[in-house]
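Q: Each protein sequence line maps, in turn, to chains A and B. All you need for our numbering is the position in the first sequence, starting with 1, plus 140. All you need for our numbering is the position in the second sequence, starting with 1, plus 140.
Derived by calculation from the structure, the hints in this document are not laboratory data. The structure displayed is predicted, hence computed values, not measured ones. Beta carbons: idealized from backbone N, C-alpha and C, even for Gly. Any given hint could be a false lead.
What the hints assert, rightly or not - Rough simulated footprint, nothing fancy, chain B against chain A, three-plus residues with beta-carbon under 8 Å:
(1) 245-253
(2) 292-300
(3) 417-430
(4) 443-451
Protein chains: 2
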Amino acid sequence: MKADAAALVEGARAGDRGAVARLISLVESGGPEATEAVARLHPHTGAAYTIGITGAPGAGKSTITDRLIARIRRDGHEVGVLAIDPTSPFTGGAILGDRVRMQEHATDDGVFIRSMATRGHLGGLALATPQALRVLDAAGKPWLIVETVGVGQVEVEIAGSADTTVVVVTPGWGDGVQAAKAGLLEIADVLVVNKADRVGVDDTVRDLTQMLELGGSRPWTPPIVQTVATDNRGVDELFDAIVAHRAFLESDGQLAGRRADRAREELRSIVGARLAAQVGEVCSGPAFDAMVDRVVKREIDPYAAVDALVED
Amino acid sequence: MKADAAALVEGARAGDRGAVARLISLVESGGPEATEAVARLHPHTGAAYTIGITGAPGAGKSTITDRLIARIRRDGHEVGVLAIDPTSPFTGGAILGDRVRMQEHATDDGVFIRSMATRGHLGGLALATPQALRVLDAAGKPWLIVETVGVGQVEVEIAGSADTTVVVVTPGWGDGVQAAKAGLLEIADVLVVNKADRVGVDDTVRDLTQMLELGGSRPWTPPIVQTVATDNRGVDELFDAIVAHRAFLESDGQLAGRRADRAREELRSIVGARLAAQVGEVCSGPAFDAMVDRVVKREIDPYAAVDALVED
């Protein structure tokens with residue numbers, strides 16, 4: 141049974157979890173129906189606030205996500221979560237203990253958790269993530285969380301396109317340095333040193349402070365929050381820091397600027413994907429093979445060959 | 141004074157070094173004149189044989205290139221060299237001793253050396269390299285050498301698109317492993333362990349042998365040649381290995397297949413570059429900014445916005 145996009149959008153807006161799930165699958169899949177769904181969703185979006193959580197594998201991102209969900213629920217607000225981290229328990233990659241803890245939220249109608257596959261098509265993921273967020277936004281979730289492992293360009297971009305980006309590191313030599321190398325510090329609005337009951341936390345905080353100072357003065361200096369997420373320590377402070385950053389962005393029009401940049405990037409991605417599909421089309425099939433053969437035989441030069449292919 | 145492409149191609153084919161140099165600059169620059177030059181060059185190409193030399197910085201690639209030039213000149217053949225390695229003395233990155241040695245060839249009319257800048261536009265380099273090789277091929281050089289540092293995807297691709305690809309490693313723990321990680325062993329037709337007078341050479345040769353065996357059986361097993369290029373030791377053996385690989389490729393039609401693959405890749409690059417330029421065009425300017433604004437204001441959804449932009 142194939143529900144049409146209009147009915148799914150109506151269902152999602154009315155709080156039907158099944159409709160939300162199916163809409164996300166629909167927009168992930170691409171194609172004409174996805175396009176129609178996005179067109180119908182888009183007018184109902186813009187109210188949600190998106191938190192990005194990123195950091196190295198093992199930093200405790202999903203525990204922090206879990207605790208943040210609980211913190212937001214305490215205020216009575218609903219939360220939508222996208223887990224793109226392949227090591228996250230949400231995406232099925234972690235130990236049983238974590239999974240069991242997540243079960244709390246599984247029975248909570250105010251929480252919608254969706255994992256997205258990273259395998260194989262990260263380019264597609266960069267496109268699919270904003271669409272999935274759009275579904276959750278239109279479904280009326282006031283808070284959205286995107287959890288990604290900050291190891292690749294695309295994951296860093298996805299996390300960095302949130303309204304507030306939280307970068308998680310752990311105590312220990314070099315972790316902060318690694319985060320800096322991966323470009324994570326550049327996108328951080330809030331820095332978390334998780335597992336702050338471990339040796340080396342002061343060194344890590346000092347290193348991060350120095351690295352931030354090297355970046356020069358900026359209108360917003362990312363606060364460094366220490367957490368022990370497994371014990372729920374520091375989570376309120378983290379949420380307060382997120383709320384403070386949100387207030388900062390909203391106070392001087394920066395939030396609108398960020399979102400315009402995001403729309404700009406999204407349009408670029410869509411144009412890019414469309415043209416990449418064209419490259420694939422032009423550069424395959426018997427006409428292309430025949431043209432390669434003519435180039436090899438020196439009957440035509442490569443540029444003229446491309447002219448001929450593109451005209452067809 | 142701006143010579144036209146036709147005159148430059150005629151000059152280059154007649155052995156005018158200035159015409160060769162100016163043609164390479166012309167084809168590197170892109171644009172309509174470059175396209176015309178390529179069209180005029182292409183029918184006169186296909187006779188040259190291209191050797192790719194790649195490996196980590198400090199492996200001795202430029203010394204090996206230097207010695208191979210001398211070896212080829214001993215047979216009375218001319219050589220064209222493209223140095224894309226930013227650490228190469230050809231591109232001006234190395235110590236004085238190397239540069240002085242290169243001077244020998246600078247006064248030899250049978251050798252044409254050209255360095256190409258890697259800074260900033262590696263995508264452009266992937267396009268420019270086959271064009272520059274085309275100039276040297278049309279200019280009648282029977283042997284071409286492309287020296288690249290095998291550290292990035294593009295450099296590895298460029299080196300791997302030669303007729304015979306030589307991968308240079310040095311003795312020492314991990315160098316062979318690093319080469320394997322960087323994908324260099326996959327593209328190697330001939331493996332060189334340079335600085336073979338150093339400790340650890342036997343271990344490196346054994347590691348490489350094992351890694352090649354892991355790759356399974358293939359029609360051509362890359363020979364492992366030990367050299368001390370600074371003392372000119374092993375260079376004749378290296379050249380013999382290259383000649384043997386050439387004979388192998390020519391004997392069963394594989395050379396034609398490789399070159400067809402290369403033409404295929406070149407057409408793809410040209411189509412890709414043309415479409416990438418289109419992305420840049422579509423996604424800039426006041427019309428694009430206005431469309432972003434409309435998306436942010438929810439007046440239009442992103443896909444419809446792209447439709448409208450692409451139609452314009």
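Q: Hint by hint, where does the structure go against what was stated? Just the numbers, ascending.
A: Numbers 1 and 2 - these are the hints that the structure violates, sorted from lowest upward.
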